[in-house]
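Chemist: Throw the hints in and build the complete structure from the sequences for me.
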Amino acid sequence: KLPTTEVEENLGEANVLEQFLVTEGRKKIPIAGCRCVKGVLKKNALFRLIRNEEILYDGKLESMRHLKNEVDSIKTDLECGLRLADPSVQVRPGDLITCYVTRQQSQTLDWDPGF
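Residue 1 is where the sequence shown starts when you use my numbering, and the numbers rise one by one after that.
It is worth saying that the hints were derived from the structure and are not from the lab. These figures come from a predicted structure and were not determined experimentally. Any given hint could be a false lead.
[To be verified] The list that follows gives simulated cross-link-like pairs (lysine-lysine, DSS-like), each with its CA atoms no further than 27 Å apart:
hint	residue 1	residue 2
1	Lys-75	Lys-42
2	Lys-28	Lys-42
3	Lys-27	Lys-60
4	Lys-43	Lys-68
5	Lys-75	Lys-60
6	Lys-75	Lys-38
7	Lys-27	Lys-38
8	Lys-68	Lys-38
9	Lys-68	Lys-28
10	Lys-27	Lys-43
11	Lys-68	Lys-42
12	Lys-27	Lys-75
Modeler: Structural data, given as structure tokens:
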């Protein structure tokens, strides 16, 4: 039996419109102001920040908000504020954020092993 492989499934994409800072305690936290352009963004999924085809961040979200409310998902054409788990990552207008999940999938052989 072959081991399972990890497969990525893209759920959605968002364009960064602007970065704004919110003050929490004494720290300024960067928030990516985005518009979902494809699919759906789910808060508990994984996120990737891509600029010029280079991955700058790959991980979880700290917070997802629509207007001032914390939400679990954002559908296409809605705007949202995404707070990445790593506050040192800076976003810029034009960056792409993709939302994805990984799952285990069993492998199959496309050739006959002969036994």
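Chemist: Checking each numbered hint in turn, tell me which of them this model violates, lowest number first.
Modeler: Failing hints, ascending: 7 and 12.
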